[in-house]
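Asker: Sequences and hints are given; from them, build the entire structure.
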Amino acid sequence: MSLATKIGSLTLRNPMILASGVLGTSYSTLKRAYEAGLGAVVTKSIGINPSSGNTNPSIFALNEIRSVISSIGLANPGFQVFREDLEKLLESSVPTIVSIFGESMEEFKEVLNGLTDLPIQAFELNFSCSSSKKDRAQISTDPDLVFEIVKELRTNTTVPLWVKLTPNVSNIVEIASSAVRGGCDALVAVDTLKAMVIDIQTKQPILGNKRGGLSGAALKPVGIRSVYDLYEHFDEEIPIIGVGGIYRGEDIIEYLLAGATAVEIGTSLGVAYPENMVRFFQMKVKKYMEEHKFSSISEITGGAHK
Amino acid sequence: MSLATKIGSLTLRNPMILASGVLGTSYSTLKRAYEAGLGAVVTKSIGINPSSGNTNPSIFALNEIRSVISSIGLANPGFQVFREDLEKLLESSVPTIVSIFGESMEEFKEVLNGLTDLPIQAFELNFSCSSSKKDRAQISTDPDLVFEIVKELRTNTTVPLWVKLTPNVSNIVEIASSAVRGGCDALVAVDTLKAMVIDIQTKQPILGNKRGGLSGAALKPVGIRSVYDLYEHFDEEIPIIGVGGIYRGEDIIEYLLAGATAVEIGTSLGVAYPENMVRFFQMKVKKYMEEHKFSSISEITGGAHK
Amino acid sequence: MTKQTLANDKPLMCKIVDKWEECFETFSFKLQLPVKVQGAKPGQFIMLWIPGEDEYPVGIAGLENNILEVGIARMGEGTEAMHRKEVGDFVGIRGFYGKPFTPPEDVNHLLIGGGFGVVPLKMLIETLMKSEKKQDIHVFEGARTKNRLMYLKWLQELHDQGEITFHVCTDDGSFGYQGFPTVALEEFLQKTKTPSVIYAAGPERMMKFIFDLGKKYPKVIDMQMSLAGRYMRCGFGACANCAVDPTGWRICVDGPIFNTEKLEKISDFGVYERLDTGEKKKL
Amino acid sequence: MTKQTLANDKPLMCKIVDKWEECFETFSFKLQLPVKVQGAKPGQFIMLWIPGEDEYPVGIAGLENNILEVGIARMGEGTEAMHRKEVGDFVGIRGFYGKPFTPPEDVNHLLIGGGFGVVPLKMLIETLMKSEKKQDIHVFEGARTKNRLMYLKWLQELHDQGEITFHVCTDDGSFGYQGFPTVALEEFLQKTKTPSVIYAAGPERMMKFIFDLGKKYPKVIDMQMSLAGRYMRCGFGACANCAVDPTGWRICVDGPIFNTEKLEKISDFGVYERLDTGEKKKL
Ligand SMILES: Cc1cc2nc3c(=O)[nH]c(=O)nc-3n(C[C@H](O)[C@H](O)[C@H](O)COP(=O)(O)OP(=O)(O)OC[C@H]3O[C@@H](n4cnc5c(N)ncnc54)[C@H](O)[C@@H]3O)c2cc1C
Ligand SMILES: Cc1cc2nc3c(=O)[nH]c(=O)nc-3n(C[C@H](O)[C@H](O)[C@H](O)COP(=O)(O)OP(=O)(O)OC[C@H]3O[C@@H](n4cnc5c(N)ncnc54)[C@H](O)[C@@H]3O)c2cc1C
Ligand SMILES: Cc1cc2nc3c(=O)[nH]c(=O)nc-3n(C[C@H](O)[C@H](O)[C@H](O)COP(=O)(O)O)c2cc1C
Ligand SMILES: Cc1cc2nc3c(=O)[nH]c(=O)nc-3n(C[C@H](O)[C@H](O)[C@H](O)COP(=O)(O)O)c2cc1C
Ligand code: FES
Ligand code: FES
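Protein chains in written order, with the working numbering: chain A, 1 to 306; chain B, 1 to 306; chain C, 1 to 283; chain D, 1 to 283.
Calculated directly from the structure, the hints in this document are not laboratory data.
This structure is a prediction, so every number in the text was calculated from the model and none was measured.
Check the hints yourself; a few may be wrong.
[Stated by the list, open to error] Calculated cross-link-like contacts (lysine-lysine; reagent style DSSO-like; alpha-carbon spacing at most 30 Å):
1) A/K293 / C/K36
2) C/K133 / C/K85
3) C/K85 / A/K287
4) B/K287 / D/K15
5) D/K99 / A/K88
6) D/K262 / D/K208
7) A/K284 / C/K10
8) D/K85 / B/K284
9) C/K15 / C/K153
10) D/K262 / B/K287
11) B/K88 / C/K265
12) C/K215 / C/K193
Answerer: Right, dumping it as structure tokens:
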């Protein structure tokens with residue numbers, strides 16, 4: 001029995017990947033997450049310039065629904081500074097996916113070109129951010145923009161390109177199809193849901209940015225459906241990575257059955273000790289594979305479509 | 001201090017309305033819900049023909065996130081049969097909003113014309129159904145279709161038209177604008193989120209219809225943000241009715257502050273005794289109004305935008 | 001950790017650990033609950049999910065050491081799908097739902113059932129027998145013919161051991177006296193002097209008949225009947241498919257067991273049911 | 001129902017019930033918690049939300065009868081916004097976060113603080129004084145000038161009552177001896193024969209200095225220092241903004257209190273911090 005999984009040409013020791021933005025700002029937390037037993041890590045989304053992100057409060061828990069709302073606002077040190085952390089991380093041979101974002105094609109290219117020489121496993125393109133200021137058209141919800149950017153970036157690098165999909169669309173398959181046509185190597189579903197919490201005592205939205213994104217357990221049924229819809233459409237045409245609300249080994253299995261080849265895990269690793277969580281995840285997945293006589297992850301993938 | 005609220009020309013004794021589909025199949029449960037103390041009730045969505053809806057399981061709870069997933073599939077007795085229940089309900093002077101749906105303009109017109117002579121308070125147009133079979137284009141996500149249908153129905157009736165909005169879009173304001181241009185009298189936000197749950201033991205999606213809609217507490221931050229976005233855009237141009245995950249009086253206040261004039265409540269009334277729930281809701285809302293020196297609901301509406 | 005009751009949540013997958021033919025077109029199953037639980041009460045029910053096929057309500061025949069017993073009568077595709085399940089297969093359950101029977105003390109307990117209605121009565125009998133006070137238990141069962149009598153052997157044994165008095169009959173006289181169980185019930189009511197409570201579960205028209213009968217005898221101090229024949233989707237009160245007129249009570253939450261006082265108020269009782277569309281249909 | 005600790009959830013709104021100027025540009029506040037809670041431990045912190053303005057971490061000075069005391073030193077806009085708040089206003093808190101001080105018994109307790117670092121030491125002092133065994137408590141406080149000494153009056157009174165020994169100094173000699181508190185600490189370490197534990201909270205460079213000093217004395221059996229100077233967003237471990245190299249420990253969860261063994265492993269300690277962008281900055 002092996003937990004290894006293949007995402008295109010990339011082989012990971014297991015299907016558990018750290019999701020972008022959680023524990024992902026410095027080489028040391030990324031390394032710690034990997035050493036906790038994950039298969040790979042995705043960095044915090046990196047842009048062209050250092051950014052402080054949104055005013056605090058920018059994140060808090062919603063225990064009742066086992067979730068978190070956040071609007072970090074893509075705070076990041078900029079790709080030039082981050083390169084240093086990245087190099088240190090890569091020295092320890094941590095399989096690393098670099099999440100990048102930009103406001104425009106030019107920005108995306110600049111960040112990608114600034115890091116593509118490093119021995120990273122993939123770029124993850126972050127086209128959306130539920131916590132962005134306005135409900136203005138975002139790249140993530142525009143099939144044509146997604147196609148153009150992926151196509152252009154494809155010509156700029158030989159590093160695999162993963163596209164992260166937002167659940168805030170009426171048809172996730174449509175956006176995904178654009179990304180696939182553009183030449184991406186994997187789909188990552190889903191990012192956070194657009195959300196808000198208002199304090200009734202002071203009558204104010206609590207987040208400094210007012211609007212935020214919902215992650216955690218509340219997102220799981222939405223993520224599962226997204227992955228299921230994508231797999232139904234693409235089948236084995238492109239690997240799908242499931243994200244959203246994974247708190248237990250069982251949730252990982254659920255994503256695999258829906259059609260995922262691997263999963264990303266964010267909130268649950270961020271609100272606990274990653275070492276403990278990953279151990280529990282692994283135990284559960286192994287036990288399930290034993291009980292159901294699976295010898296590899298790929299045998300589980302898409303099982304709910306049979 | 002008064003709990004009364006105005007939705008266009010309609011005055012309700014309080015802002016709490018039963019949401020469509022919950023307790024809404026027969027005159028007796030609708031009457032019971034109203035007598036429990038609500039301001040009005042919305043019926044189950046009614047179409048042209050009797051329909052058995054989807055295979056069971058079609059609904060179950062997700063306790064961990066205080067939510068419910070369902071795919072009743074718009075089971076309903078058809079407008080001709082339902083008319084009988086409706087007449088009985090109206091005999092008891094229950095302020096009633098009739099939710100209607102159709103696969104096409106023609107179907108919408110037939111249902112509306114078949115009921116518009118009754119002394120009902122409004123029609124609520126249900127353009128979406130997260131539990132529908134495919135991810136095919138739905139009316140709810142197509143601004144042009146929404147505009148056309150609302151405009152046409154507007155010429156067929158003098159009864160107020162409410163439009164129920166789905167959260168499964170990238171820009172809820174865009175769809176709402178179409179509905180407003182079409183001539184609707186209120187916006188209702190939101191319907192359920194597209195969702196799915198897979199059983200890992202048998203590797204099957206649990207719902208008979210596989211796909212379903214998520215309601216309950218997990219939906220609240222999404223509903224609040226939707227109402228906030230709508231109010232920011234429309235201000236007092238059109239009344240907004242907030243729906244999604246109301247379990248407590250505090251949640252009602254949160255929707256009002258976000259910009260709602262009234263709220264609809266579904267799941268929480270369906271999983272408990274409506275009599276108890278409504279009493280708690282009322283107590284909390286009154287207490288809040290006293291403490292914050294509000295004398296009417298309209299003073300609370302939109303308070304989070306100040 | 002032993003839970004007081006099952007959480008009303010998504011289906012909990014249980015392994016079938018035993019299966020036998022109970023009587024004609026009816027199978028009993030024992031399901032292994034994967035969590036420790038106590039507290040199912042007689043008259044409560046579960047939603048039974050046969051993966052990929054159907055889900056529907058069924059009564060609880062017993063619960064001991066996390067083994068749940070159910071009895072399934074063939075009606076259509078859903079119940080047939082369960083009949084095809086074998087030991088080792090998994091099915092899902094949600095529950096425990098509904099209000100149970102609430103037997104008082106110091107009365108004659110008169111249990112009368114037909115068809116799968118006898119399922120919850122089995123658990124009621126076991127509960128009454130376990131009570132500290134010696135209880136007078138009379139069970140009235142009837143069926144078309146002998147091989148349709150549920151729990152026949154078990155009930156006869158209890159009768160022979162003096163634990164219950166078993167009044168059994170068939171339409172065709174193939175077992176017990178020929179006729180309806182209401183005949184023996186009426187005879188008994190005429191004789192007895194002790195205050196009695198009637199517990200009924202079965203076809204609604206039969207229960208309505210019993211209800212009208214029971215009302216004629218002041219010594220019948222209460223009647224508790226299981227309205228477990230209505231179409232159900234959720235089982236926990238949300239869909240309202242199971243509601244009765246004119247009270248708007250949902251059978252799954254406000255019932256399925258209703259007492260005399262409540263049954264009086266249900267104008268539908270024995271007259272109308274609602275289909276899965278919400279349309280009304282004469283019973 | 002008294003909760004053991006506050007749930008890590010959305011901000012809990014608390015009314016300000018008392019406010020006073022503690023010392024130069026520093027105000028203390030008492031906040032009324034709307035729920036019954038016990039169990040904040042010295043060294044833990046909360047995230048303080050000033051609605052519409054900012055949210056940032058602050059230490060806990062005390063918690064009694066659901067009244068939480070905090071002390072806020074003016075740094076920039078966020079702390080100024082809190083200074084503008086008056087009795088009757090509401091602010092939000094999240095917490096209680098972080099690992100507390102864990103004082104052993106039968107040692108000299110040497111507490112040394114600067115600036116707002118004295119806030120958590122206040123609660124530590126109160127906890128030590130409440131312990132059943134009589135504890136030897138030495139408090140070393142220093143500031144630029146007299147009116148910047150936090151909790152001066154309270155500490156002096158405790159000193160006069162013999163509860164603690166208070167070693168106080170100022171840079172300008174306006175109160176206590178002239179110089180740094182580390183001077184008195186070193187003197188004390190040279191004299192004492194009892195095993196001692198150092199608790200430090202204040203600017204990281206000061207703590208690093210103390211750490212290097214303490215390591216020279218084997219009788220210093222442990223040092224516990226609060227790395228409460230790092231930029232924090234979440235307070236519960238998710239954003240990793242507060243993490244230190246090379247261990248990847250998050251100060252909010254794995255700290256803020258670290259002991260000697262751990263401090264040894266933190267190469268950042270007293271050298272680098274991370275800005276809100278994630279960039280590193282020399283301390
Ligand atoms: C509270 C309650 C307890 C029950 N307990 C038992 C029991 O212990 N043993 C047992 O064998 N049966 C029990 N039933 C009845 C059982 O649910 C139906 O026999 C079963 O649903 C039939 O399904 P089918 O697909 O085989 O039949 P179908 O061919 O689908 O329908 C046959 C008839 O079964 C009924 N039915 C179908 N689906 C449902 C549904 N979702 N909910 C309710 N009724 C339905 C309808 O009256 C229908 O006319 C109970 C019903 C209720 C409401
Ligand atoms: C665990 C911990 C406990 C603390 N306890 C106290 C206390 O009890 N009393 C007290 O007065 N102060 C305390 N602080 C420091 C306090 O959080 C900062 O002084 C405050 O955030 C400054 O905000 P500002 O807007 O006034 O200053 P700004 O002008 O925004 O910044 C001034 C400096 O404050 C720091 N700072 C700003 N925002 C944050 C943030 N979100 N997290 C951490 N540091 C920040 C930065 O170092 C910055 O350089 C504590 C800090 C931490 C990490
Ligand atoms: C604090 C926080 C920060 C995040 N930052 C990013 C980010 O920078 N880029 C990105 O693509 N996703 C970001 N996300 C989204 C996560 O990567 C993930 O898609 C989402 O949280 C759902 O997974 P989860 O429920 O396991 O957290 C962030 C999420 C959280 C909670
Ligand atoms: C069982 C169930 C059935 C529903 N049926 C309908 C329906 O027929 N028409 C409709 O517009 N909304 C329907 N809804 C959606 C609700 O009206 C409401 O928009 C949603 O559940 C969110 O509110 P809640 O969280 O308070 O339940 C249904 C919801 C549930 C749970
Ligand atoms: S079965 Fe849904 S309300 Fe009873
Ligand atoms: S403040 Fe977010 S991890 Fe510590």
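Asker: Run every hint past the structure and note whether it holds.
Answerer: Comparing the hints with the structure gives:
Between A/K293 and C/K36, the direct Cα distance comes to roughly 26 Å. Compliance with the 30 Å bound is thereby established for this hinted pair. With a C-alpha separation of about 40 Å, the suggested pair C/K133 and C/K85 falls outside the 30 Å cut-off, and the hint is violated. For the given pair, C/K85 sits about 25 Å from A/K287 by alpha-carbon distance, which is consistent with the 30 Å threshold. The suggested pairing of B/K287 with D/K15 holds, with an alpha-carbon distance near 17 Å, which does not exceed 30 Å.
Our distance criterion of 30 Å between C-alpha atoms is met by D/K99 and A/K88, whose separation comes to about 29 Å. About 13 Å separates the Cα atoms of D/K262 and D/K208, which keeps this hinted pair within 30 Å; it holds. Taking the CA atoms of A/K284 and C/K10, the gap is about 20 Å. The hint holds against a cut of 30 Å. Only pairs whose Cα atoms come within 30 Å are accepted, and D/K85 paired with B/K284 is accepted, the gap being roughly 27 Å.
Taken as a hint, the C/K15 and C/K153 pair is honoured in the structure, with Cα atoms around 26 Å apart against an allowance of 30 Å. Using a Cα cut-off of 30 Å, the hinted pair D/K262 and B/K287 is violated, with the two alpha carbons roughly 51 Å apart. Note on B/K88 and C/K265: the hinted pairing holds, with a Cα-Cα distance of about 17 Å set against a maximum of 30 Å. Of the pairs offered as hints, the one joining C/K215 and C/K193 holds, with about 16 Å between alpha carbons and a cut-off of 30 Å not exceeded.
This entry does not satisfy hints 2, 10, going by the numbered hints stated previously.
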